[in-house]
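Colleague: Protein chains in written order, with the numbering used here: chain A, 166 to 563; chain B, 104 to 278; chain C, 517 to 618.
Keep in mind the hints are simulated off the structure, nothing from the lab. Certain hints may be false.
As the list claims (entries may be wrong) - What follows is a list of derived Cβ distance ranges for each label pair: (1) B:L246 / A:Q483: 37 to 43 Å; (2) A:R546 / B:A270: 24 to 30 Å; (3) A:L463 / C:V583: 52 to 58 Å; (4) A:V256 / B:G208: 31 to 37 Å; (5) C:V583 / B:D230: 49 to 55 Å; (6) B:L120 / A:E187: 51 to 57 Å; (7) C:M616 / B:L119: 34 to 40 Å.
Unchecked claim - So, partial list: chain A residues that the calculated Cβ filter (under 7 Å) puts toward chain B: (8) T193; (9) L194; (10) F289; (11) D293; (12) N295; (13) V296; (14) V302; (15) S303; (16) A306; (17) I313.
What you are looking at is a predicted structure, and each value in this text was computed from that prediction instead of being measured. Ideal Cβ positions, reconstructed from N, Cα and C, are used throughout, including at glycine.
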Amino acid sequence: MGDPFGLIGRWLIDLVTGWGMEPEAALTLLRFLGAAILATVLLLACFFLIVAERKILGRFQDRYGPNRVGPWGVFQTVADFVKLIGKEIVVPDGIDKPVYWLAPLLVVMSVVGIWAVVPFAPGFRGTDLNVGVLYIVSIGAIGTLGIIMAGWSSNNKFALLGAFRAVAQLVSYEIPMVLTLLIPTMLAGSMGVTAIVEAQKDLWFIAAAPLAAAVFLISSVAENGRAPFDLMEGESEIVAGFNIEYGGLAFGMFYVGEFLHAFTVGVLFSTLFLGGWRGPGAETYPLLGLFYFFAKALVVWFVTVWVRASFPRVRIDQLLALNWKFLTPLALVIVALTAVVDKLAAEQGWSQLLALLAANAVLALGMFAVLGAYGRSVRKREDSLRGNAAALPARSAR
Amino acid sequence: MTVLQIVFLVTGLVTLLAGVMVVASPKLVHAALWLIVSLAGVAVLFVLLNANFLAVVQVVVYIGAIAILVIFAVMLTRRVMADSGPTHNPTWWLALLSALVLFGGLLALITQLPAFGATEAALPAADSLTDLGTSLVDVNRYLLPFEVASVLLLAALIGAMAVARPASEDEEGGA
Amino acid sequence: MIPLSWYLILSALLFCIGVFGVLARRNAVGILMGIELMLNAVNLNLVAFWRYLTPGMIGGQVFTLIVFAVAASEAAVGLALIISIYRRRSTVVADEINLMKW
């Protein structure tokens, strides 16, 4: 009862070495097997995630969502998948074949690879890298590469333009994401994801760094390419962007990669800021830790779906202005402030937490003051451009 | 043959083959993609050498930034979607000869090292990552190169933006 | 166990492949790719020496980090220059960028 996952692992190793393999090769084989099982379970979980998202979006929009296939429409994605497999993959002429076929693989690989360092339960994780946080960033960079490859190899100018815009968005939003990833690293004293979860024993990091958590969530949603930042495949604008020329299962891989990434954003946020598998009784019963882990991830994922249903899409210039003029300076100031406060209030415990919260509150107030002043100056300029002095009473009634 | 030796041989072979494809491939975008394979191979070799931090920095900086920049540059500097003209100099055989001579010279040099056949020394007990971090901000150790490198990056950032900016005609009109 | 000689020979080979790329390619971006290969070979050499001879001294990894920073800045400025040249002369073939030849 204490450690079911360790038990299964040891039983498997004993089984394989009983068949005559050396322990080192057996361990390697089991690692490959574990990775394959994890990837398969994730991609199968997408079946239910996608239909759950569609139903939630439907409820937000005051309709039912898919409810024909199976009880409450649960098997809708299975039906979609069967349709996608049956479709002919129309391969356009003049494409660059190896690059064309490799691109969806890289995009899915970049998402599944993140799960290698995430701790599901105490003692149950893929691997314990001491640079886990940076590994997550690096794997995300490979997804960017897959998108360029997809856009370029399609022999289609719109796909190329869509890929350029997508890469501009992804590369830009990596910066606030990496900067705010430094905050849990600083608070835990280590870059390893397992160590960060261990360090949240008494307090979840979202209580010590709410502003950093918010910036991380925004930039992760932008990295994923979900609304309101979904002009990577703005269905109404550039006709699906970089994956125009992909049909059937090749498109299905991009689709699955995007939805799995949305759930992965929830997993990462809950691991880094909400304590991962931590909860009452999780140390003694690892299965309870697994339950907490998925519950927290699903809550954050629900918040991203909520955001998707609530905000309209932003334009590319608004997107880049948001990143370079707002999120990046804010993230830089957060990092500097947290480092200073962390050193000044050096002893752990409530005084450090209060100092960090005070610093965050001061920063948030300063941010709103700056944003308010900027908004007022923009509005004044627009009013003076319109030359409409009679707009003043109407403005105060807004 | 231990597992690690097999991994090293496979990775080394992949890296070298990808490197050959980088310098020999007629299509430049393919050469850029082979460069990415080669860089990933070097990252795996860093992991074999217990330098995990350098391996992930290699992936983030080289593959995630420099390689994407190279691919963009290749795509933006062509008149049509395909390459035009010969991709290698007519005297490429001379380049091959000089590369081979250079390799022979390097081989002669490194075989004379006393540490040539050395096996791995024991890793220190403490994690090298913390040591790396503290050494970069310690005044008595590597603070100066760290600061100089950051100034260099700032200069490169400003310089690249200034150089790649399109020539603006209305210097006096706009803000 | 993997002797140090394997890493040294590998990095020497990679370096020479990069040298061939720099000398034989006509396209300026292709030359830059050869330079990146050479820098990677140097990094590999540095880290191998750090691991095998002095794993207690962190200077090997620091040197490699500085080489990363230098390579990144050189690639950025180099590619910006190449794109700027392409805008003016519509070519990136190294032989044709010869305005300053005597």
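Colleague: Work down the list of hints and note, for each, if the structure agrees.
Modeller: Do the hints match the structure? See the list:
The hinted range of 37 to 43 Å is satisfied by L246 (chain B) and Q483 (chain A), whose Cβ atoms lie roughly 40 Å apart. Take R546 (chain A) and A270 (chain B): their Cβ atoms lie about 28 Å apart, and the range 24 to 30 Å holds. For the pair L463 (chain A) and V583 (chain C), the beta carbons lie near 44 Å from each other, so the given range of 52 to 58 Å is not met. For V256 (chain A) and G208 (chain B), the Cβ-Cβ distance of about 49 Å falls outside the hinted range of 31 to 37 Å, so the restraint is violated.
Remark: the range hint 49 to 55 Å for V583 (chain C) to D230 (chain B) is contradicted by a beta-carbon distance near 22 Å. A C-beta distance of roughly 29 Å is found between L120 (chain B) and E187 (chain A), which places it outside the suggested range of 51 to 57 Å. For the hinted restraint 34 to 40 Å between M616 (chain C) and L119 (chain B), the CB-CB distance of approximately 36 Å keeps it satisfied. Given hint, T193 (chain A) at the interface with chain B, holds; its Cβ is 6 Å from that chain's nearest Cβ, closer than 7 Å.
At a threshold of 7 Å, the smallest CB-CB gap from L194 (chain A) to chain B is about 10 Å, leaving the interface hint violated. Given the 7 Å rule on beta carbons, the hint for F289 (chain A) is violated: about 21 Å separates it from the nearest Cβ of chain B. Hint status for D293 (chain A): violated, given a least beta-carbon distance of 11 Å to chain B, over 7 Å. With its C-beta approaching chain B no nearer than about 6 Å, N295 (chain A) sits inside the 7 Å limit, and its interface hint holds.
Taking 7 Å as the C-beta contact cut-off toward chain B, the hint placing V296 (chain A) at the interface holds, the least distance being around 5 Å. A cut of 7 Å between beta carbons decides the hint on V302 (chain A): the least distance to chain B is about 6 Å, and the hint holds. Restraint check, S303 (chain A) versus chain B: the minimum CB separation of about 4 Å is within 7 Å; hint holds. Nearest Cβ of chain B to the Cβ of A306 (chain A): about 3 Å, under the 7 Å cut. The hint holds.
A cut of 7 Å between beta carbons decides the hint on I313 (chain A): the least distance to chain B is about 6 Å, and the hint holds.
Violation of the numbered hints given earlier is confined to hints 3, 4, 5, 6, 9, 10 and 11; the remaining hints are satisfied by the structure.
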